[in-house]
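**Q** Line by line, the protein sequences are chains A and B. Residue numbers for the first sequence, in this note's numbering: 1 to 623. Residue numbers for the second sequence, in this note's numbering: 1 to 225.
The hints are simulated quantities; they were obtained by calculation from the structure and are not laboratory data. In this text the structure is predicted, and so the values were computed from the model without any measurement. Be aware that a few hints might be false.
[What the hints assert, rightly or not] Calculated cross-link-like contacts (lysine-lysine; reagent style DSS-like; alpha-carbon spacing at most 25 Å):
(1) A:Lys14 <-> B:Lys145
(2) A:Lys14 <-> B:Lys113
(3) A:Lys571 <-> A:Lys551
(4) A:Lys514 <-> A:Lys81
(5) B:Lys143 <-> B:Lys177
(6) A:Lys195 <-> A:Lys28
(7) A:Lys295 <-> B:Lys134
(8) A:Lys332 <-> A:Lys402
(9) A:Lys14 <-> B:Lys143
(10) B:Lys146 <-> A:Lys14
(11) B:Lys66 <-> A:Lys332
(12) B:Lys66 <-> A:Lys333
(13) A:Lys213 <-> A:Lys181
(14) B:Lys113 <-> B:Lys134
(15) A:Lys477 <-> A:Lys213
(16) B:Lys89 <-> B:Lys113
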Amino acid sequence: MIPGINFILNRVQKPARYVGGEWNSARKNWDSVSVKVAFAFPDTYEVGMSYLGLQILYHLVNSRRDSLMERVFAPWIDMEKEMRERRIPLFSLESQKPVGDFDIIAFTLQYEMTFTNVINMLDLAGLPLHTSQRTGQHPLVIAGGPCAFNPEPLSDFIDLFVIGEGEEVFTELLDLWISLKGKASRECFLVEASKIQGVYIPSLYEISWKDGKIRSIKPGLDEIPETVTKRVARNFDRVSFPDSPIVPTTEIIHDRIMLEIARGCTRGCRFCQAGMIYRPVREKSPTTLVAQARKLSANTGYGEISLTSLSASDYSCITEVVHQLLEELQDKKTSISLPSLRVDAFSIELAKEIQRTRRAGLTFAPEAGTQRLRNTINKGVTEEDLLTAVSAAFAAGWSALKLYFMIGLPTEEMEDIEGIVRLSRQVLEKGFSMGVSPGRAKVTVSVSSFVPKAHTPFQWEPQAPQDYLFSVQKTLKKALKEKSLIFHWHDPRVSFIEAVFARGDRRLGGALEKAWSLGCRFDGWSECFNNLLWRKAFELTGINPESYAYKRYAYGDLLPWDHIHTGVSKKYLIREHKRAMSAEATPDCRAGNCPGCGLCAELVAEPELYGGKWIAEIQDVVL
Amino acid sequence: MLYCKNGPARFISHLDLVRTFERVIRRADIPAAFSMGFNPHSIFSFAAPLQVGIGSESEYLDILLKNEVPPEELHASIGSVLPEGLHLKEVWQVPDDSPALMSIVEWAEYEVKLELKKQLNAGGLEEYIDSFLKQPEIVVRRKAKKGRVKIVDIRPGIYSLGGFIKDNILLLRMKLKTGSNGSVRPGEALDAFLEHNALAVEPAETDIVRTGIFPLQHAGMYLKR
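Whenever a hint applies, use it, and build me the whole structure from the sequences.
**A** Right under this line is the structure:
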């Protein structure tokens, strides 16, 4: 036990964040395993424990007799202060061991605004921050998750990135670690690891510049692959799955069973990185899902099960699965929730069936205010779809709806902003006309700023200027001033920093480290975000952040993430970008027409839809 | 049932403990009675909430079941699905018409272990305790809603205070009023005692454990087997 730890825990908010001991958490013998991994989530316990990937890897590693995995989260500001004052190093929840005593520290990068927390955690662990300063005496610092698809801004700090799904590649990495343990140097291990598909070791690649542009990205040794292709878990129906996940004692954000019904989405929204990097679409069979739900319910004691995927109602036999689950879980008094519904009447029908109460509002994401702009972003939703869906929702008894829009999208005009206002009012009017009382009807309009992301058809596009985003917010705020309309917005200054790093390169490492040393932490939390410190960090390191966020790339430019392959071809992304500029929609490949993203050929993979079908019956497809 | 709350479980807040037992009951797969309505939940109640960070050797919980189950069976089912730090000591059946646990609790006993910065002898300790208890009133400030502060006299709620000293390690045993008609918190009683006698302690070494919860005399049968 760490001396005085209970005293500290009694002084900080939410001490349960730091103590472990939850049901199904692993307590493995430290001395009987060959490799010890600390899973590091660079945000709070409540956020990190809501992440299914943690549970998957935790289960995967702890199922092996030769390995253990323990967890560590970013300590909240108050805890960090106590730890620094008493020189308590960052420690794991399970055994309270210093994170520096582990063999591997594995970060997950879910969001750019957690990057300063990554650095802070390395510092709290007492480790040299830079990969170049670390030796065989130190743990190997690795990172994965969606932000690893543009790893460059963190390449100073991370030894090894895992690109794509971790189930297979993590196993291969642990095997390699064990086989080379005590026999090979750190450098030698890294070279060997770079030969595993999906592993990227930034220190082994050289980037040359010419006139401020990248001229080449090349490995320093012949034996290292020139490009790194992401990993995909194959035979998804049978993939290792945590049937005894950790059940936190303190409330977390998604405090329920997460049953992953499918991975990937080929709707092809052009702003959406998840839709591009998690292809192909793979579904689990209803038989597998029912069996997993039964085990999860018995092993966790949760009274709610959430069917997770990028778009739950796109699962090819969702109705069948929902019915089977309802029947299976009936006597357990367990409810089902669908967190990602599409804007269609079919989804409302489904929601109506499974939700016993109408208290939790329904969220719709039309994303843009006009049909032209929705075609541009390839959000296959028409105004009619939306109004039919909201009518169905009001008719089914919901009175509070939430609409989600983006501003600053490529080609956006004033008309599109007016469209947001018009659509929001129309939805509210619909509610009134269907007899929802003015006191109860509530439409929340949530507006975020578009952030161009690597590997999407909009990767070449600049972010809209902050002045513009602020003025649009002001316009919307004014126009949506009404009793039953609630307007929510995201801070464009945060979206700006996000945009800088989302399409950033290696030169940003210094600015990131400076921001951390000036005190930036938990930048995704509005109470912690400090724009002045960020501005100062860029200034002190001679970085012009505007030149990143507002940069328009040409198709022919070598992009900072071009050596990372998602399987989706650049040719396809260019074609999609061009179609966006002429407001042309592209249908989902599951409807039968392959738009040629190139993934199936490149990864020798294919969609795994239930029943071996290639073509799914998809609702509301725009053809 | 009677259980302990120690180790990592001492940091489970009362609200989270409700959530935790809800799940424990589901995992145990016992014939728990569920409430009616849209969001059915199992029906159980605690004797007295425990502050976060304080350990306990003696916590009571009653659970309503749909039908009779031998206590030994319940002990096995529930005892095997508790998170680390919650430990089941005893399970027994109480009559259907038993009063709510909360309503019969009168006082709780706490043991405090702390490290004094200066040595003290047994005689000195006795004098300190006497002098503390002789006060006609012991006023503490409590945080109330909306940032207000409430002034409370806790002297009537301190039923007894005893101690034992070895070198600079002090063990205190406090019996404090607890229950639906108001409680004295062990932390505030301890702080008042230390402050009254100007005793300095090593704050990191203080440990408080609840060792018992006791009922009003006539209701004693419900907290015993």
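**Q** Are the hints correct? Go through all of them and say.
**A** Against the structure, the hints:
| no. | hint | result |
| --- | --- | --- |
| 1 | A:Lys14 <-> B:Lys145 | holds (19 Å) |
| 2 | A:Lys14 <-> B:Lys113 | holds (24 Å) |
| 3 | A:Lys571 <-> A:Lys551 | holds (20 Å) |
| 4 | A:Lys514 <-> A:Lys81 | holds (19 Å) |
| 5 | B:Lys143 <-> B:Lys177 | holds (19 Å) |
| 6 | A:Lys195 <-> A:Lys28 | violated (31 Å) |
| 7 | A:Lys295 <-> B:Lys134 | violated (60 Å) |
| 8 | A:Lys332 <-> A:Lys402 | violated (31 Å) |
| 9 | A:Lys14 <-> B:Lys143 | holds (18 Å) |
| 10 | B:Lys146 <-> A:Lys14 | holds (20 Å) |
| 11 | B:Lys66 <-> A:Lys332 | holds (14 Å) |
| 12 | B:Lys66 <-> A:Lys333 | holds (14 Å) |
| 13 | A:Lys213 <-> A:Lys181 | violated (40 Å) |
| 14 | B:Lys113 <-> B:Lys134 | holds (23 Å) |
| 15 | A:Lys477 <-> A:Lys213 | violated (40 Å) |
| 16 | B:Lys89 <-> B:Lys113 | holds (23 Å) |
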